[in-house]
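> Whenever a hint applies, use it, and build me the whole structure from the sequences.
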Amino acid sequence: MEIWYSLCRLLPAEMLRWDFMRNALLATILMAFLFGLTSTMIVTGRMSFFSDALGHSAFTGIAIGCICGVSAPVWIAVIFALVFAVLFSYVRSKSNQTADTLIGVFSSTAVALGIFIATLNGSSFTKFNKYLIGDILSVTPGEIGALALAFVAVAIFWVIFSNRLTLSAIHPELASSRGFSPALSQGLFTAVIAVVVTLAISWVGLLILNSLLILPAASARNVAKNLRQYHLFSVLFALVAGVGGLIISYYVGASAGAAISLVLAGIFVISFFLRKVRC
Amino acid sequence: MNIGTHGGACGHSCCLRVQDLTVKIGADTILENINLHAHCGEMIALIGPNGAGKSTLLKTILGQQAYEGIISFSVPGSRNRKPKIGYVPQSPAFDPGDSVTVADLFACCMSKRPAFLGQSKTLREKISVCLERVHSENLIDKRVGTLSGGELQRVLLALALEPLPNILILDEPLSGVDVEGMETLMDMLDEIRKTYDLSILMITHDFSMLSRYADQVILLNKQLICQGTPGEVLDSEDFRRVFHRKGGNL
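Chains as they are written, first to last, in this note's numbering: chain A, 25 to 303; chain B, 4 to 253.
Calculated from the structure, these hints are not laboratory results.
Remember, it's a predicted structure, so these values are computed and weren't measured experimentally.
Think of the CB as a built atom: it goes at the ideal place given N, C-alpha and C, for glycine as much as any other residue.
Errors might be hidden in some of the hints.
Stretch by stretch, here's where chain B covers chain A in the computed footprint (C-beta under 8 angstroms, at least three residues) [claimed, not checked]:
| # | stretch |
| --- | --- |
| 1 | 197-208 |
| 2 | 247-259 |
Cross-link-like lysine to aspartate or glutamate pairs, in silico, EDC-like; alpha carbons within 20 angstroms at most [to be verified]:
| # | chain 1 | residue 1 | chain 2 | residue 2 |
| --- | --- | --- | --- | --- |
| 3 | B | K225 | B | E71 |
| 4 | A | K118 | B | D31 |
| 5 | A | K249 | B | E154 |
| 6 | A | K249 | B | D98 |
| 7 | B | K115 | B | E128 |
| 8 | A | K300 | B | D144 |
As structure tokens, this is what we get:
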């Protein structure tokens, strides 16, 4: 962290005088890479609602962790999100209901369970507000370490699995015929989303988390001419919005997560008008 | 269930043989007691009404469906080598918004290097060679979602030919292709089977192409109803009964 702090001191930015802002900036950059990458596959695989539902399940996991007195409820949330994803996949494979209906069922049930547990025995919901709105300024060096580990793990996962994930997302039958198992790669990717969503929920907030998972790739898709540009633009947009949103929030005194989402929305609007540059 | 090699009574150096094949999904019998035999260089057309089990038969041969019976292959050069099967899936609908180009699609299938990092010069040259086989090298940088039906079928055909298979399986390759595109595609398949001496097994609903291109036609309706040359099958009473046709007017 000292190296990072020294680097920050070299920058002529007034907001980087504060340690919490330096932490927030590093966390934002790491999250931008994580969200930028995972976003590409969520959008290509039409998993937008699913990732939203995973966010809701993560909240429930945190509520369970808190009620059980666990010191780090985020890890309970990761486990709960994984159980949620496995259950969802099982029910989807056995049911004739459409995926969006089942996502609605799971998502609303998870939120209801989360609120029920959080308010059990007349407890106040206030302490859970930070999971709804998020606060990137509260991120600690230890949490940044966890983010960095997640970043390395996701990068390795991406190098190994991105080809088969892409093929499974755009044409599952073709993927099967080439010997790729869509079930395996989708299952592992679901676990990746669960970890990313859960790690980020305290800093970004459940209410706007999904915008960070969808908007970078949705904007990149408007202008990218190939897979390379798609990934590049998605990460770049997440990075620009992350840093830009953090700066805006510092100077106007608003929520950083919301500012980042709004910058991303602005990028989407610009990319929408530029979409004809694609061949 | 048994997949293996066979010498059998067949005098050809390579062939696919299906014996007493039955496929059940749950309580439903999808295919019953199917027997067929395909040689290298032969084009075999599978025809039948909707729900006849044609796609299931292809998936079974591809190894994606459990079955009872025997599917055996004989491959030139070795009796123990599993045959390579090239597969062109049915109605390959790609999202027009996807950022995946033809080169990306090939890279995902052919290379361990992540496709999102772009293609090396060697890989790109290899992809060009694959596309040249179907006269489509100009499509390499087009996004798959923007290809016409005929272009897409040619690209998927090129993909199925890499690595070069012993058997090429196509599930309704002519659907979504205009009349001109159909002739181009069938001429190309004809050229490919002669050049590479591979068996082609394809499902089609377009009977007008059969007489010109197919060596064998198999009429399927859960069971093998009839099998023979295009003339024999299309003029048969079975064909008229299954497709409710009064005469041989195709």
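> Determine for every hint whether it applies to the structure shown.
These are the hints, each one checked on the structure:
1. 197-208: Per the Cβ count (5), the hint holds.
2. 247-259: holds (count 8)
3. B:K225 <-> B:E71: 14 angstroms, holds
4. A:K118 <-> B:D31: 17 angstroms, holds
5. A:K249 <-> B:E154: 18 angstroms, holds
6. A:K249 <-> B:D98: Given that 20 angstroms is the threshold and the Cα spacing comes to 14 angstroms, the pair holds.
7. B:K115 <-> B:E128: It holds: about 16 angstroms lies between the C-alpha atoms, which stays within 20 angstroms.
8. A:K300 <-> B:D144: 17 angstroms, holds
Violated hints for the displayed structure: none, as all numbered hints are satisfied.
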